[in-house]
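For the protein sequence lines, the chains are A and B, in the order given. Take the first sequence: its position 74, counted from the start at 1, is 74 in our numbering, and no numbers get skipped. Take the second sequence: its position 104, counted from the start at 1, is 104 in our numbering, and no numbers get skipped.
Worth flagging that the hints you see were computed from the coordinates, not collected in a lab. Check the hints yourself; a few may be wrong.
Every beta carbon over 12 Å from chain B, so not counted as near; a handful from chain A, in silico [what the hints assert, rightly or not]:
#, residue
1, V72
2, K136
3, G210
4, F227
5, H234
Some but not every residue of chain B turned toward chain A, in silico, with C-beta under 10 Å [to be verified]:
#, residue
6, A173
7, Q178
8, A181
9, E183
10, A184
11, T188
12, Q191
13, R194
14, R195
15, I196
16, P199
17, Q200
18, R203
19, P207
20, F238
Keeping only pairs whose Cα atoms sit at most 25 Å apart, straight-line, the calculated SDA-like set for lysine to any residue is [unchecked claim]:
#, chain 1, residue 1, chain 2, residue 2
21, A, K132, B, Y278
22, A, K120, B, R189
23, B, K218, B, I41
24, A, K119, B, V38
25, B, K218, B, W257
26, A, K169, B, R189
27, A, K142, B, A277
28, A, K142, B, K218
29, A, K120, B, Q178
30, A, K119, A, H104
31, A, K169, A, V72
32, B, K28, B, V38
33, A, K120, B, T188
34, A, K142, B, I197
Computed from a predicted structure; not experimentally measured. Ideal placement from N, C-alpha and C gives every residue a C-beta, glycine not left out.
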Amino acid sequence: MLMNAEPIIRVDNLHKWFGLLHVLRGISLTVAPREVVVMIGRSGTGKSTLLRCLNFLEQPSSGSIALDELTVTVGPHLRPEPQQIFAIRLRTGMVFQEFNLFPHMTAMQNVIEGLVTVKKMPREQAIPIGEKFLDKVGLLEKRDVHPIRLSGGQKQRVAIARALAMEPKVMLFDEPTSALDPELIGEVLDVMKDLAREGTTMVVVSHEMGFASEVADRVIFMDAGEFVEQGPPHQIFSNPSDPRTKQFLERVL
Amino acid sequence: MAEVDPDLNTGLQLLADQRRARLIRTTKIGTVWIILIVLLIMVLLLTNVEPAYMADHYGIVLQGLMTTIEISLISIVIASFLALFGALGRLSQNSIAQGISGFYVSILRGTPLLIQIYIIYLGLPQIGVAIIKLGYPTIGNLFILDAVPSGILALSLNYGAYMTEIFRAGLQAVGHGQREAAEALGMTRWQTLRRIILPQAIRIIIPDIGNQFIAMQKDSALVSIMGVWEITYLANRFARHDIKFMEMFLVAAAMYWFLTIVSSWLQNWLERRMAHAYER
Chain A
1 MLMNAEPIIR VDNLHKWFGL LHVLRGISLT VAPREVVVMI GRSGTGKSTL LRCLNFLEQP
61 SSGSIALDEL TVTVGPHLRP EPQQIFAIRL RTGMVFQEFN LFPHMTAMQN VIEGLVTVKK
121 MPREQAIPIG EKFLDKVGLL EKRDVHPIRL SGGQKQRVAI ARALAMEPKV MLFDEPTSAL
181 DPELIGEVLD VMKDLAREGT TMVVVSHEMG FASEVADRVI FMDAGEFVEQ GPPHQIFSNP
241 SDPRTKQFLE RVL
Chain B
1 MAEVDPDLNT GLQLLADQRR ARLIRTTKIG TVWIILIVLL IMVLLLTNVE PAYMADHYGI
61 VLQGLMTTIE ISLISIVIAS FLALFGALGR LSQNSIAQGI SGFYVSILRG TPLLIQIYII
121 YLGLPQIGVA IIKLGYPTIG NLFILDAVPS GILALSLNYG AYMTEIFRAG LQAVGHGQRE
181 AAEALGMTRW QTLRRIILPQ AIRIIIPDIG NQFIAMQKDS ALVSIMGVWE ITYLANRFAR
241 HDIKFMEMFL VAAAMYWFLT IVSSWLQNWL ERRMAHAYER
């Protein structure tokens with residue numbers, strides 16, 4: 001059902017070089033609306049770089065990225081226009097491993113910052129939206145608290161609310177639970193599971209295999225800057241075809 | 001009362017001991033200061049310094065205190081803006097901005113403040129006169145500055161150059177993730193700077209601005225060479241007139257010292273406030 005829909009993300013032949021390091025080697029990827037894609041693999045194989053290229057936090061070296069009706073093509077003599085990058089970023093929400101909440105703002109201010117500063121929404125109009133999303137991640141009572149007073153899990157939930165408040169078409173998660181103490185991982189994964197159930201389009205880089213097998217529509221195993229294997233979680237986890245996937249899964253499961 | 005931890009008394013005892021030890025040390029340090037001041041006064045009295053003259057004339061020097069504070073305050077504010085733009089220039093991708101700010105910092109850190117004051121006060125009018133002769137009196141007159149504006153300009157430019165490095169370090173100290181989070185929300189560079197980076201950088205920079213302000217209060221003594229009626233000029237004038245050098249310069253020194261102590265208190269208070277920011 002998912003595969004028949006018009007894709008919301010279409011990445012074509014994406015390359016990324018860091019100096020002489022060829023980090024992404026011609027990645028092509030399509031994501032359907034409402035699809036949850038989880039990318040797994042050893043660290044340093046380009047998963048996060050790919051995710052960060054999707055909203056141009058990292059400048060791809062060449063290739064094209066299409067999001068919705070927008071297409072941005074990048075090449076040696078082809079830099080994207082700032083307006084193109086802006087348009088892409090408005091359509092994507094990003095959640096970071098290190099949360100990156102703004103420490104000088106309360107939870108509420110963090111959540112409405114994008115609405116007020118980027119979308120120029122009057123504060124009175126933004127606050128009900130902030131309340132809605134803080135409530136969604138179960139932290140409405142922390143609205144006037146600064147991040148320093150929040151646990152890691154709470155910080156990440158506020159960060160998710162901050163991204164959601166911009167009502168992006170796609171949510172990008174860059175190892176959202178890797179910086180958390182084990183007992184705090186569950187609360188963040190629960191929020192993400194709710195989002196997936198509601199039909200949020202999500203691209204997730206994660207080491208949480210339990211989450212991937214429960215929530216993902218598709219799991220992609222990445223190695224050395226390439227997609228090695230992809231498919232529904234049960235297929236990847238119980239019946240991987242590539243020896244590299246097998247080897248990786250034996251080590252993490 | 002039944003639930004009291006029997007070890008609590010030990011803890012309280014240790015805490016009280018620590019507090020007493022700290023009090024004793026503070027008292028000892030204070031005593032040393034008092035002894036040193038008394039010794040200093042004794043030496044001065046032996047060398048026939050006249051306290052009576054000092055008492056009679058300190059009021060005159062005090063009139064210069066306000067001028068010193070005024071010049072320093074205005075200059076530190078202007079210097080902070082210059083430093084902000086200097087730092088943005090140094091961190092910019094733009095070669096012109098980088099070149100200009102690098103040039104500015106290099107020249108003003110590479111020459112003595114005294115020479116800068118001479119150039120601005122005595123040198124610039126030469127350019128001004130030349131421009132007036134060319135037939136542009138309004139522009140020419142801009143180069144002919146009174147003593148106080150000259151002093152403020154020199155101090156601002158000079159300190160702005162030193163503080164550029166402080167601001168650069170402060171801006172860089174804000175984590176890279178902050179910029180990325182802002183950009184991911186769709187903020188422009190300018191919005192990111194104004195809403196996210198600067199508010200955090202200021203809290204890092206404030207203690208250093210305090211140090212620069214304290215240093216500047218004393219460097220402002222150099223503007224006395226232009227005849228500005230601040231602390232040093234007034235002290236010098238009466239010292240020469242009455243041949244009471246030790247007396248008048250001691251008065252001036254005491255005033256700068258007092259100013260510095262008050263400024264340090266203010267700085268400590270500000271720093272403590274900054275340290276406890278966002279703890280709600």
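Outcome of the hint check:
1. Under the 12 Å C-beta cut-off, the non-interface status given to A:V72 relative to chain B holds; the minimum distance is some 15 Å.
2. Under the 12 Å C-beta cut-off, the non-interface status given to A:K136 relative to chain B holds; the minimum distance is some 18 Å.
3. Its beta-carbon lying about 27 Å from the closest one in chain B, A:G210 satisfies the requirement of being farther than 12 Å from that chain.
4. Consistency note on A:F227: stated as away from chain B, and its beta-carbon is indeed over 12 Å from all of that chain's, at 24 Å minimum.
5. Non-interface call for A:H234 relative to chain B: holds, since the shortest CB-CB distance, roughly 33 Å, exceeds 12 Å.
6. For the restraint placing B:A173 at the interface with chain A, the shortest Cβ-Cβ distance is roughly 13 Å, beyond the 10 Å limit, so the hint is violated.
7. Satisfaction of the interface hint for B:Q178 is found here, the shortest Cβ-Cβ separation to chain A being roughly 6 Å, below the 10 Å cut-off.
8. For B:A181, the suggested interface contact is upheld, since its CB lies about 4 Å from the closest CB of chain A, less than 10 Å.
9. The beta carbon of B:E183 comes within 6 Å of a beta carbon in chain A, closer than 10 Å, and the hint placing it at the interface holds.
10. Hint on B:A184 holds. Least Cβ distance to chain A is approximately 4 Å, under the 10 Å limit.
11. At about 8 Å, the closest approach between the beta carbon of B:T188 and any beta carbon in chain A falls short of 10 Å, and the interface hint on this residue holds.
12. Interface restraint check for B:Q191: the shortest CB-CB distance to chain A comes to about 5 Å, inside 10 Å, so the restraint holds.
13. Against a cut-off of 10 Å between C-beta atoms, the interface hint on B:R194 holds, since the closest Cβ of chain A lies about 9 Å away.
14. Look at B:R195: its Cβ gets to within about 5 Å of chain A, closer than 10 Å, so that hint holds up.
15. Restraint check, B:I196 versus chain A: the minimum CB separation of about 6 Å is within 10 Å; hint holds.
16. A cut of 10 Å between beta carbons decides the hint on B:P199: the least distance to chain A is about 5 Å, and the hint holds.
17. Because the closest C-beta pair between B:Q200 and chain A is about 6 Å apart, less than 10 Å, the hint holds.
18. With a least beta-carbon distance of about 8 Å to chain A, the hint placing B:R203 at the interface is held under the 10 Å criterion.
19. About 17 Å separates the beta-carbon of B:P207 from the nearest beta-carbon of chain A, more than 10 Å, and the hint is not met.
20. Violation of the interface hint for B:F238 is found here, the shortest Cβ-Cβ separation to chain A being roughly 50 Å, above the 10 Å cut-off.
21. A hinted pair counts as satisfied when its Cα atoms are at most 25 Å apart, and A:K132 with B:Y278 qualifies at roughly 23 Å.
22. A C-alpha spacing of about 16 Å is found between A:K120 and B:R189, which places the hinted pair at or below 25 Å, so the restraint holds.
23. This hinted pair checks out: B:K218 and B:I41 have alpha carbons roughly 23 Å apart, not beyond 25 Å.
24. Between A:K119 and B:V38, the direct Cα distance comes to roughly 66 Å. Violation of the 25 Å bound is thereby established for this hinted pair.
25. Distance hint between B:K218 and B:W257 is fulfilled; the C-alpha atoms sit about 9 Å from each other, no more than 25 Å.
26. For the given pair, A:K169 sits about 23 Å from B:R189 by alpha-carbon distance, which is consistent with the 25 Å threshold.
27. A threshold of 25 Å between alpha carbons decides the hint, and for A:K142 with B:A277 the separation of about 17 Å falls inside it, so the pair holds.
28. Simply put, A:K142 and B:K218 have alpha-carbon atoms about 48 Å apart, too far for the 25 Å limit, and the pair is violated.
29. Between A:K120 and B:Q178 the alpha-carbon distance is near 20 Å, which keeps this suggested pair within the 25 Å criterion.
30. Taken as a hint, the A:K119 and A:H104 pair is honoured in the structure, with Cα atoms around 20 Å apart against an allowance of 25 Å.
31. For the proposed pair A:K169 and A:V72, the alpha carbon gap of about 16 Å is at most 25 Å, so the pair holds.
32. The straight-line distance between the Cα atoms of B:K28 and B:V38 is roughly 15 Å, inside the 25 Å bound, and the hint therefore holds.
33. Between the alpha carbons of A:K120 and B:T188 the distance comes to roughly 13 Å, so the proposed pair stays at or under 25 Å and holds.
34. Of the pairs offered as hints, the one joining A:K142 and B:I197 holds, with about 24 Å between alpha carbons and a cut-off of 25 Å not exceeded.
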